[in-house]
Amino acid sequence: MHSNPQLDKKGELQHLLTIEGLPATLLTQILDTAQSFIGVTKREVKKLPLLRGKAIFNLFFEPSTRTRTTFEIAAKRLSADVINLNVGTSSQSKGETLLDTIDNLQAMHADMFIVRHAQSGAAHLIAQHVAPKVHVINAGDGRHAHPTQALLDMFTIRHYKRDFNNLRVAIVGDILHSRVARSQIHALTTLGVPEVRVIAPKTLLPAGVETLGVHVYHDMQRGLKDVDVVMMLRLQSERMQGPLLPSAQEFFKYYGLTAEKLAAAKRDAIVMHPGPMNRGVEIDSSVADGPRSVILPQVTFGIAVRMAVMSMLAGH
Amino acid sequence: MIVKLPDAEQLVSALAAQIKPRFDSSTALIGIHTGGAWIAQKLQQQLGLNTPLGLLDISFYRDDFARIGLHPQVKPSDIPFDVEGRRIILVDDVLYTGRTVRAAMNELFDYGRPASIELAVLIDRGGRELPVFARYTGTTIELAENQNIELKKDKEGRLSLHLNQV
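Chains as they are written, first to last, in our numbering: chain A, 1 to 316; chain B, 317 to 482.
The set of hints was computed from the structure by calculation and includes no laboratory data.
Take the hints with a grain of salt, since some may be wrong.
[What the hints assert, rightly or not] Once the Cα atoms are required to be at most 25 Å apart in a straight line, the calculated BS3-like pairs of lysine-lysine come out as:
1) B:Lys-391 with A:Lys-47
2) A:Lys-76 with B:Lys-391
3) B:Lys-391 with A:Lys-42
4) B:Lys-391 with A:Lys-46
5) A:Lys-225 with A:Lys-202
6) B:Lys-358 with A:Lys-161
[What the hints assert, rightly or not] Restraint-style ranges between C-beta atoms, simulated for each label pair:
7) B:Asn-366 with A:Asn-165: 40 to 50 Å
8) A:Ser-79 with B:Gly-442: 25 to 35 Å
9) A:Gly-11 with B:Glu-445: 25 to 35 Å
10) B:Lys-468 with A:Arg-279: 30 to 40 Å
11) B:His-387 with A:Ala-259: 43 to 53 Å
12) B:His-387 with A:Ser-79: 38 to 48 Å
We treat Cβ as the ideally placed atom computed from N, Cα and C, and that holds for glycine.
Using the sequences plus the hints, can you model the full thing?
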C-alpha cells in the first residue's frame, strides 16, 4: 500500500515534506489559518500560547538567513522554545550520522524538527525515523522541495490577486536547480492556476518539465506577455556543475527582469522573489525596489504561513 | 428533559436593562465570537455606548488545543480601543464550564491591563468547572449533560435559541 507519509490515516497533516500529494483543500486550509495569524503582529503582545512549552529544533545543514530566522520568529510568536543547531560546530563534523543526531535530539524531548539539508530526501528520511508525536518540516532538501516557500508564495498571490482560477503565472530562471520552483509548480497546479509558464534557457530546465503541467518558454518577452504574476528565481551558482551559462551578464541580458521586459506583463502584475536576490543578475534594482515588487511582503507573510504550518502540525 | 426556551431577543433587552444603570463613558463591550459577538452588537446599539465594540475569537487560547487541534475558521479578533485602564464587559451567549471566559480573559490581558472585567451572558446553565461568575445574566436554565443550547441568527438578524441533543 502506497500512502503519503505526510498525512495520517485521517488525512491530517503530521509532517510537511513536500507540496506533492497534498490536496487543494489542505493547501487552502493552511492559507486560511495563516490569514488568521496576520492580526497578531499588530497587538501589544505579539504572542499566542498555542505552542507554549514545545521544543522546536532548527536543523540547518545549509546556510540560510531568512528561512531560518522566519521559522524562529514564527515559533517564538507561538510561545515555543527554539533551539538552533549550529551545523559547523555540531557532531556532524565529528562523523555522527544524521539519524544518530536525530535520536540524540529526540532524547532531549524535541517536539518538532525543521530541517534544511543538501541531500534530496533528507527530511523524508527523518520523518520516517522519528517517534509518533514528533513532527518534521522540510525547509529545503537538495533540489527536491521547499514547501513552506511555495506556501508563502501562494499566500502572497492570494493576497494581491484573490482568485487562483484566472491567473497566468510565470516562473523565471534557474528551474533546473531550484527546489523552490518545483514546490511552486505543484502548488500552483494543485490550487487550479490555469496557466503556469516556465521561462529559462534550455540548459536550466529539467528534462520533461512539461509533464508537470507547465508551458515552456525560452524567450522572456513572449513568456511574460499578459502574465499576472512574475516569480523570479535566483541563479543557483553553488549547485551548478560545469558551464551551463556563458556568464552572469549574458543571463541578465536574456533572462534578467528589467522594467522593459516587465512591460510585457499585465500593468498590475506583481513581481516576486524568494530571496536572496542577485541584483543585476536575475533582477534589476529598479524592478526589485519598484512599485510592482512584493518581495518584502513575501517575507512578512512567511512568518504567518510558518506559524500556520507549525500550529496545524502541533495540534494534530 | 423537556425545556421551554425563552425568546433570545427579549433576553438581550433584559441584559441591556441590567447593564444600563452601571455603565459609564469609558465602559467597553467585548463580544466573544460567535454568539457573544452577535449579542454584544445588539447591546451596543441598545445602550448607545461611546466606545466602539470589541470582538474576540478565543480559538488560540483554548485549553484543549492539544486534544482537538486548531479550528480552521478562526475569525479575527478586533479590539479598536485601548484596553489599558478600561472597564470592560465581556459578552457571551451561554455560560457553562467557564473555560471560554478563562480563555477570553487570557487573550484580553495580551492586549493590555483593564481596570476591571465584568461578564454578561444570555444563559447561565450552571456546571462551572472554573471559578467564573456572571455579573449580568439573561436567565438560568438547567440542562442534561448530553444537551446544549445554540444561539442562531436569521437573515434579518433576529436571534433565537435552539436545544440540541449531543
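Structure-based check of each hint:
Between Lys-391 of chain B and Lys-47 of chain A the alpha-carbon distance is near 17 Å, which keeps this suggested pair within the 25 Å criterion. Only pairs whose Cα atoms come within 25 Å are accepted, and Lys-76 of chain A paired with Lys-391 of chain B is accepted, the gap being roughly 22 Å. At roughly 15 Å between alpha-carbon atoms, Lys-391 of chain B and Lys-42 of chain A fall within 25 Å of each other, so this suggested pair holds. Note on Lys-391 of chain B and Lys-46 of chain A: the hinted pairing holds, with a Cα-Cα distance of about 17 Å set against a maximum of 25 Å.
For the proposed pair Lys-225 of chain A and Lys-202 of chain A, the alpha carbon gap of about 20 Å is at most 25 Å, so the pair holds. A distance of roughly 35 Å separates the Cα atoms of Lys-358 of chain B and Lys-161 of chain A; the hinted pair therefore is violated under the 25 Å criterion. For Asn-366 of chain B paired with Asn-165 of chain A, a C-beta distance near 45 Å keeps the hint of 40 to 50 Å intact. Here the CB-CB span from Ser-79 of chain A to Gly-442 of chain B is close to 33 Å, well matched to the stated 25 to 35 Å.
Under the hint 25 to 35 Å, the C-beta atoms of Gly-11 of chain A and Glu-445 of chain B, about 33 Å apart, fit the expected range. Distance hint check for Lys-468 of chain B and Arg-279 of chain A: the Cβ-Cβ separation is about 57 Å, which falls outside the suggested range of 30 to 40 Å. Taking 43 to 53 Å as the suggested C-beta distance range, the pair His-387 of chain B and Ala-259 of chain A conforms, at roughly 45 Å. Restraint check, His-387 of chain B to Ser-79 of chain A: a C-beta distance of roughly 18 Å breaks the suggested window 38 to 48 Å.
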